[in-house]
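Chains A and B, in that order, give the protein sequences.
First residue of the first sequence? That's 1 in full-length UniProt numbering, and the numbers climb one at a time after it.
First residue of the second sequence? That's 1 in full-length UniProt numbering, and the numbers climb one at a time after it.
Since the hints were derived computationally from the structure, they do not count as laboratory data.
Treat the hints with care, as some may be off.
[What the hints assert, rightly or not] A few chain A residues that face chain B, going by a derived Cβ cut-off under 10 Å, partial list only:
(1) Asn-8
(2) Ser-11
(3) Glu-134
(4) His-171
(5) Ser-191
(6) Lys-199
(7) Met-200
(8) Val-203
(9) Asp-207
(10) Ser-234
(11) Ile-236
[Stated by the list, open to error] What the simulated footprint calls covered on chain A by chain B, stretch by stretch (three residues with Cβ under 8 Å from a Cβ of chain B suffice, anywhere in the stretch; the number is not a length):
(12) 18 to 30
(13) 110 to 123
The beta-carbon is built from N, C-alpha and C at its ideal position, and this holds for glycine as well.
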Amino acid sequence: MKHLLSINDLSEKDIYKIFDYASQFEEVLKRPIPVVPSLRGKTILTLFYEPSTRTQTSFTLAGKRLSCDVINFSFSTSSILKGESLLDTLKNILKMKVDGIIVRHSVAGVPHFLAHHLEKENIFVINAGDGINEHPTQALLDAYTIYKKFKDFNNLKILIIGDIKHSRVAHSDILIFKKLGCKVFVSCPYSFLPVEFEKMDVVYLPDFREKLSDFDCVIALRVQKERHNFSYLSSIREYHLLYGIKKEDLNKMKKNALLMHPGPVNWEVELSYEVLKDERCVILDQVFNGVAIRMAIIFLLFQEKL
Amino acid sequence: MKIENLPEYLLLKNGILIDLDKKEKREVDILIKEGKIEKISKGIEKKDKFIILDIKDCYIFPGLIDLHTHLRTPGREDEETIETGTKAAIAGGFTKICCLPNTEPPLDNESLITYLIAENKKYNYCDLYPIACATKRREGKEICDYYLLKKAGAVAISDDGAAISSSQVLRLVLEYSKTFDLPYFSHCEDKELAQGVINESFISYQLGLRGIPDISETIFAFRDVLIANYVKSKIHLCHISSKKTIQILRFLKENNYQFTCETAPHYFTLTEKDIKNYDTNYKVNPPLKKEEDKEEIKKALREGLIDAIASDHAPHLLAEKEQDFENAPFGIIGLETCFLLSYEELVLKGNLTIFELLEKFITNPAKILGIEINKIKENNEAEIVIFSPKEKYIYSEDKVVSKSKNTPFLNKEFSGRIKAVINKNKIFYF
């Protein structure tokens, strides 16, 4: 069975297929009773080794809207420390007969590890975020949000601001936007750039403000304070001053541009609270689109159409 | 693997002796009587009592010396024991091995050294040369009793795996060890900079794994050689893996700084590009680097800048390796593949002659340790490797002698095969 571990697993055609199904499922979500019976009798498990509210809820709802049974497994740090190995957890899950696993883990490659050990089973794995590696469903919902607005990715200019080096959202976003034909720009201090970033084929802007009027979409990344052993920031004050999007920045942006953020926002860090009122700020639309996108992914993986 | 006591007379027929002194190959017969070389010459006539082993086309050379084996004893006998580790050494052509002190507890007192040597004598497959800790508990703070350690049998000191971060402590280690003429084996790694699991590059970014900058090795290699030369003490650098380190070492050598260094076969046969699908059998420390690093290592081997090739044999349980990439331990087993990989990559591809290769496996390691080579000559104990350069050999799982099987070279087909090893009045067949 096919898995969704990385944006690299998807062709351009796959991505548009996911968008197509997502827009159909959006219709379902708008119904008074927003459920279809497509996956009755199927069971998926969300296996979250890292705390998450919206991603786990979004997957859970996506499954339930398709009439799939969804079981949520959450691990507190202490229970991981008690030491059941990943492989043991997986073997236990197999005995419980689930059909799909949605996994989030603080270590890169864990979804790939599970998929590798499920080679002979008819169970799919969806990567819901692995360490600093990837978060493909977030990238798909980001791209879908842009797609709904522009209907065409060619030559769209997208700016991503924040910790490019440690953000799994940025990693997957860059992969999907480039695959779809966008021009990708990043802005951050050098300490947030990966080494050999020139191989990423993106444009680095030390100061994005000069070019703000060029972009069709600006994505601000969450400052991942929890992901670092020590502080990568001089101060929140200076970060906000240099990389935070404020009202005056919005004024320089195109009238039809989008301002996005994967959430949860640290207000007055990545974004000023006042930008939420602007209609170009589509953070909450992203959340809605996320459910539709995840329904499409789960559905298509079950149908083996990816 | 079969182990037998030598017959009273064993006659090796038609072998090709690799003479390391004269740098020539000669076809000879070798007669071994009760474990000792009785006669070396062409066409030794067969007598009744002789057991004959026809080794046509096979190379004969002295047992290899490994400068870098993790034997896991004491403390982690679930991963490797002295018995399985020394047997794996023999299977790889090594008759003398150094074991590193990062055991549990670490080898920081003479009783552990005495224990290891006594334990090895029980099996008596090969010679064991323990390397003791440079500092107590390998903490990089207080130096150990080098006199007592050496008296018990330690041949060098090292905090392998835990580089001494304080330059002042390192200076003290080097000055004190000089008193007893013990070389210091340096694991060059600036731990504070090296907070990752693979080489830092575009590939580490693509895989989302935390990267270790290659300069973390270079910086400490440079520092350690400078300090050792400042106090005029012997230093040996372990498992050199990066181009930048080589460049700095080349500069130091040109300026008459004294040091020796080694690399391991995976640094001239694999690169970071081989790390596919988060396979933890490619997780080693120092991490695999780029094509250009691999080429530079080979160049340095050709130049003679790198003195020795060591296995960095690091056994780990399947249960430890078969987990996520961050948490899986560093290291792969290497005793059994070390020479085969080197022969294939260096001799068959024209980087080194067989004589130059054996210098890196025998002559130079012996010099670094200050030990005698048991040469293949009349009246010496037979300590002989019989290597067939023309045979193919598939290193399948059932062939693995080590207690652990963590190697990226499983099921690889090698050009060349170690057919037998004669040592300590025993013959080992494979």
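*Have a go at the Ser-234 (chain A) hint: is there a Cβ in chain B nearer than 10 Å to its own Cβ?*
Cβ of Ser-234 (chain A) sits 20 Å from chain B, so the hint is violated.
_Given hint Ile-236 (chain A) near chain B, where the shortest CB pair must fall under 10 Å_ = Violated - the Cβ of Ile-236 (chain A) stays beyond 10 Å from chain B, reaching only about 23 Å at its closest.
_Take the shortest C-beta to C-beta distance between Met-200 (chain A) and chain B; is it under 10 Å?_
Hint holds; Met-200 (chain A) Cβ to chain B Cβ min 7 Å, cut 10 Å.
*Measuring from the C-beta of Val-203 (chain A) to each C-beta in chain B, is the shortest one below 10 Å?*
With a minimum Cβ separation of about 16 Å from chain B (threshold 10 Å), the hint on Val-203 (chain A) is violated.
_Hinted contact Asp-207 (chain A) with chain B - closest CB pair below 10 Å_ = violated (23 Å)
_Restraint check, 10 Å cut-off on beta carbons, for Lys-199 (chain A) near chain B_ = With a closest approach of 4 Å, the Lys-199 (chain A) hint holds.
*Examine the segment 18 to 30 of chain A for residues whose CB is less than 8 Å from any CB of chain B, and state whether their number is three or more.*
violated (count 0)
*Interface hint status, His-171 (chain A) versus chain B (Cβ within 10 Å)*: The hint holds - His-171 (chain A) has a Cβ within 10 Å of chain B, the shortest such distance being about 6 Å.
*asked:* The hint names Glu-134 (chain A) as touching chain B; please verify it with the least Cβ-Cβ distance against 10 Å.
replied: holds (6 Å)
*asked:* Quick check on the hint: Ser-11 (chain A) CB to chain B CB, less than 10 Å?
replied: Interface hint status for Ser-11 (chain A): violated (18 Å vs cutoff 10 Å).
*Would the hint on Asn-8 (chain A) stand, with a C-beta cut-off of 10 Å toward chain B?*
With a minimum Cβ separation of about 9 Å from chain B (threshold 10 Å), the hint on Asn-8 (chain A) holds.
_Under 10 Å is the threshold here; is the Cβ of Ser-191 (chain A) close enough to any Cβ of chain B for the hint to stand?_
Violated, about 14 Å.
The earlier numbered hints that this structure contradicts are 2, 5, 8, 9, 10, 11 and 12.
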